[in-house]
Amino acid sequence: MGGFQTTEYLASCRLTESSADSAAAEKRKSPEIIPVCIPLAVCIAVILITLFIPDRIENDSNTLFVGLLAGLGISLLFFRKKQSARDIYTLVFTLLGIWEVLTAKATDHLSYLTPTPEMVLHTYVSDHAMILKGIGTTSIFLACGFIPGILISVFLGILTGWSLRARKILLPIVKVLTPIPPLIYSPYLVVILPSFFAASVAIIFMSVFWCLFINMIFVVSSMDPKLADMTRVMNVKPVTRFFRILLPYALPSILDRLPLALTAAFMVLFNAEMIGNAMSGMGYYIQFNARFAEYTKVVSGIILAGIFIAIMNSLFRRLKKAVINWQ
Amino acid sequence: MKTSILNIFYRIIPHFLFAAIMILGVMQISPKGSEQMLPFLVFAVMLELLLIILGRKWEIPAIFDIIYVFILAWFIYSNYLNTRVAFLFPAPDVVIGVFWADILLIIRSIFSSFKLLMLGFAIAIILGTGLGLICGNIPRVRNMLLPIAQVLSAIPALVYAPYAIAVLPSFWTAGLFVISIGLFWPIFINTIKMVSNLDKELYDYTRTLKLGKWDLIYHVLLPYCMPGLFNTLTMQISSAFMLLIGAEMMGMTSGVGWYVKYYVDFSVYKKVLAGFITIGILVSIVNAGMTLVKRRALNWVDSKRQNI
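Sequences listed follow chains S and F, in order. Just so you know, we're using numbering that gives the first Met the number 0 here: the first sequence kicks off at 0 and counts up by one. Just so you know, we're using numbering that gives the first Met the number 0 here: the second sequence kicks off at 0 and counts up by one.
One or more of the hints may lead you astray.
What the hints assert, rightly or not - Taking lysine-lysine and the BS3-like style, the derived pairs with C-alpha atoms no more than 25 Å apart in a straight line are:
id, chain 1, residue 1, chain 2, residue 2
1, F, Lys-192, S, Lys-167
2, S, Lys-80, F, Lys-192
3, S, Lys-320, F, Lys-192
4, F, Lys-56, S, Lys-174
5, F, Lys-31, F, Lys-56
6, S, Lys-167, S, Lys-80
7, F, Lys-192, S, Lys-319
As the list claims (entries may be wrong) - Pairwise CB distance ranges, derived in the manner of DEER restraints:
id, chain 1, residue 1, chain 2, residue 2, range
8, S, Pro-53, F, Lys-209, 34 to 44 Å
9, S, Ser-252, F, Gly-279, 40 to 50 Å
10, S, Asp-228, F, Leu-80, 45 to 55 Å
Please keep in mind that the hints were generated in silico from the structure rather than gathered at the bench. Small disclaimer: the values here were computed from a predicted structure and weren't measured. All residues carry an ideal CB built from backbone N, CA and C; glycine is no exception.
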């Protein structure tokens, strides 16, 4: 890549100044128009295909799908400056178009396994009560297990990592216990704990705890020994040391670890909803509909879970940017 | 650690705990029968032998303290204090007895899980590194795919399971799909990041040496990505196990996850607890194997950099 720039630079040096300027001006102009046209053209093509090629199967109304495409097309205009964003839009439009063509336009028998995008979008409208309830339940369960899990694992992990003795004793045990998936405990916990809520929260707590605890031990123990000695020399009180030195030191890796912990927690919750007697929830929604072979709803549930987690992760990233302002 | 009275005391404690376990175990022989208690006593003696062999380092007695206290508390609770249904909280001797009676099935489950896990790892490594090397080399493709991959990798792969079971021909292939895709994304992302972070000077060297594109990938980029790959794999072991167990619980007919789920359905909780311990053993085997392979494959990297 470096070589490329050099050759370009040499080539431009050979040109006279005025022609170089005009070439640069042309370059500045062209990215504005032509590259934006490609994703937009794909978008419009998919809309036209959806609208004017007749469906060969019985399909839901295509208003939502066209609306979604148009919305994405408009949102593209906000990101038009970035090449990567344009490429991503092109890819997404192409994939949506292929999905639409393969499921609705090219075949003439309706397969219950491969729903059309219109059908998937339609379930968000027709099933919105259950979906919203599911999101609510899942969020509550996650919050109840997640927040205590983070607080306790960070607290204990930092303490364990700080003390050489505790670390040496606990680390071998923790190393064996950490990779045992908390998932495996879920059928047993569902039986021995009084309610499904308690069992799910316990399992989420465990998954978050094991995800962060060993990480905290490693982070704190890999702290610069000079820094550790300095706190000893300056006779810092344990409480101050914990809140003013160790916690800020560990904070970036905690926040880096949160998306992983969220994925693990979601996985565990999903599995618990499968085994226990859940009444609602996002995993339950997928499971429940898979049991009745309603794969349209299964696909929409999977997409919804993806969007939910993507939003949570972007919130974590925002949080990291807001909290860690010293890096 | 300096030798003091406290230190000697602290070295002796685990042996006292062992003696307490043995006494309690022998006391239980008459009500429970010797064939029930024998495996447990043998197990306790093996632990004690392990302690005597390894006990030189100061932290080992402390680790065995924790293990023995745990076993003792479990033993006393389930044999003397438990007033609830006994089969929900089986005693440690009952659980160890399961290993005695069910050893063939347990070993078969371990092998089955191990096979599935290794296949999943192999598919994910081949696809992840291969595609990652190719995509990472082309800046435009890299910039396009990286954000998409980051969104997709956050989706817990278990969510796909019900749909995969419906679409794919068997439960086994569905499980394999779920494990491979769960491992694929982190490996893919890591490879792309490694390739794009490659030192620009190295690129120029390869160009000076007139290396072809494939030579560059095979002889430069692949070894360059190895340490990162192994780190990703060690980090992904727990999520790989999570996927494995989840997939096996979803409806497979062999493996450790199946073993646990199967006996939960019949409420044989002693076998469920034995399954937990089996998974601990499997995890330790895989961890040890990973460390071994890592040391072998990365013998050209000095040990400090192996953990980066």
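Results of checking the hints against the structure:
1. F:Lys-192 / S:Lys-167: Distance of about 34 Å is beyond 25 Å: violated.
2. S:Lys-80 / F:Lys-192: 23 Å, holds
3. S:Lys-320 / F:Lys-192: 21 Å, holds
4. F:Lys-56 / S:Lys-174: Holds, at about 18 Å.
5. F:Lys-31 / F:Lys-56: Measuring from Cα to Cα gives roughly 38 Å; hence the hint is violated.
6. S:Lys-167 / S:Lys-80: Violated. S:Lys-167 to S:Lys-80 sits at ~53 Å, over the 25 Å cutoff.
7. F:Lys-192 / S:Lys-319: 20 Å, holds
8. S:Pro-53 / F:Lys-209: 34 to 44 Å: 57 Å, violated
9. S:Ser-252 / F:Gly-279: 40 to 50 Å: Between S:Ser-252 and F:Gly-279, where Cβ atoms are some 26 Å apart, the hint is violated.
10. S:Asp-228 / F:Leu-80: 45 to 55 Å: Given about 48 Å between the Cβ atoms, the range holds.
When held up to the earlier numbered hints, the structure conflicts with 1, 5, 6, 8 and 9 and fits the remainder.
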